[in-house]
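> Please model the complete structure; the sequences and the hints are all you need to start from.
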Amino acid sequence: MATATSLPNFLHGKNTRVLYVNPWFTSATFTANTTNGSYVIVATTAIVPISVGQSIIGSGIPASTVVVAIQGNTITLSAAATATASGVTMTVSSTGIGYDFSPYFNDVSVSTSQAAEETTTFLQGGSKTFIPGLKDGTITLSGFHDGTIGGTSSIFHRADATPYDKSILVFPAGGLLDSERCFMANAVQTKFDIKSPVAGVVTNDMEVQADGGVWRGNGQYLVVSTNGNSTAYTPFPAASSGTADTSKGGLLVLGLQLLTGGGTIAVNFQHSSDSSTWSTLATISSAGATVTPLTGTIHQYTRLQWVFTGGTNPSATIYYGFARY
Amino acid sequence: MAKANTVAYLVTDKAISLSYNGKNVFPGDIVSDFPGESISWLLEDGLITLAPVAPTPTPDPTPAESAPVEDAPASDVSAETGATN
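So the protein lines, in turn, are chains P and H.
Residues 1 to 325 (this note's numbering) are what the first sequence spells out, left to right.
Residues 1001 to 1085 (this note's numbering) are what the second sequence spells out, left to right.
Hints listed in this document are in silico derivations from the structure and should not be mistaken for laboratory results.
Heads up, the beta-carbon is just placed ideally off N, CA and C, and yes, glycines get one too.
A few of these clues could be false.
To be verified - Partial chain P-side listing against chain H, Cβ under 8 angstroms, derived:
hint, residue
1, Q270
2, D274
3, T277
4, T283
5, S286
6, W306
7, V307
Following this line, the structure appears as structure tokens:
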């Protein structure tokens, strides 16, 4: 009699997406050259982190202007400059900052471990015995070096200068589907190497030590243009409504990378006991990224909701990762 | 089909926002159409409370002759009830 077998479902690494979030970022200053009537400015002092969606203020830059693209030291804005000038002081700001590192790196390793504490005593038959100890984790990234204003060097230089945890979110399958598996950690950056071989590309290695463990969760990276929400997700499909709530909180990374078309957006991470009415646990409404350690009850179902207000053909790039403790 | 609830509830400040049936409601909103099955956990989480009932004004047949009624000061209440510290 034939028996049913489950077939493996392997992933190709080419689709992996890596997001890096510094929730402590508020603003940074640099200088740039502006050209009257041009949407493009050219940074003349680099080494600051900058990301699409950030607001930008400077002489000759209209109010409410945001960064819409970064290519090397050339920055495209949402509005044209009103003056031609050199060495203009620019300030970019956002509530936290998040980067999609996928264009820079080509290898990511998420490593978790658990200590085994020896409890061997006399007269136990000659074999060592152990109990589970503390969990630990690291995430390492390696790829190519970019020393321009939005590149890896700028980002990690700033990260080193901020003595607080950053977060890394890894989607092995890309994060484009509803509630896709992800790995995430709040972490202390412990290493950033630049390798410059005489006969090769300049590369970077970067390593973080998880502060509180590496967590396996679910999340998504998506571009949205109309109001909507992700499909309700529960890791407990067999449970009745509410019976699979958890009580130890969780780790939530929430990001809004770019909003175009004017108007506003509210991106809400929600939970529900019945998949009918939803309560917002955390929200983000301006470009940036937040890391929220949630406490207490997380109901059985979770989802992401996004609501646009105003604007013309608005569009936003948003992402989240969530793991229950 | 979920049974609609007809009792009015106040969304508390503990809620950032609540979503149901394509609607978003916020703290301070009074809602009477939450899905019935959600009421218990929303109350348990403190996200909603029973909405305060507005007092129904009673027509006063002789308003001009009515004497104003003032609330008694707290100290007077203590004296009347014999409460001691």
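> Please check whether P:T283 passes as an interface residue: C-beta within 8 angstroms of a C-beta belonging to chain H.
holds (6 angstroms)
> Does P:W306 pass the interface hint, meaning its C-beta sits closer than 8 angstroms to a C-beta of chain H?
violated (11 angstroms)
> Under the criterion of a CB-CB separation shorter than 8 angstroms, is P:T277 in contact with chain H as hinted?
Nearest chain H Cβ about 4 angstroms off; hint holds.
> Identify whether the interface hint at P:Q270 stands, where standing means a beta carbon of chain H within less than 8 angstroms of its own.
holds (6 angstroms)
> Should the interface hint for P:D274 be scored as holding, given a Cβ-Cβ cut-off of 8 angstroms against chain H?
holds (5 angstroms)
> Checking hints one by one. Is P:S286 an interface residue toward chain H, by the C-beta closer than 8 angstroms rule?
violated (16 angstroms)
> If you take the shortest Cβ to Cβ gap from P:V307 to chain H, is it below 8 angstroms?
P:V307 check passes; min Cβ-Cβ to chain H is 6 angstroms, inside 8 angstroms.
The structure fails to meet hints 5 and 6 from the earlier list, while all remaining hints are met.
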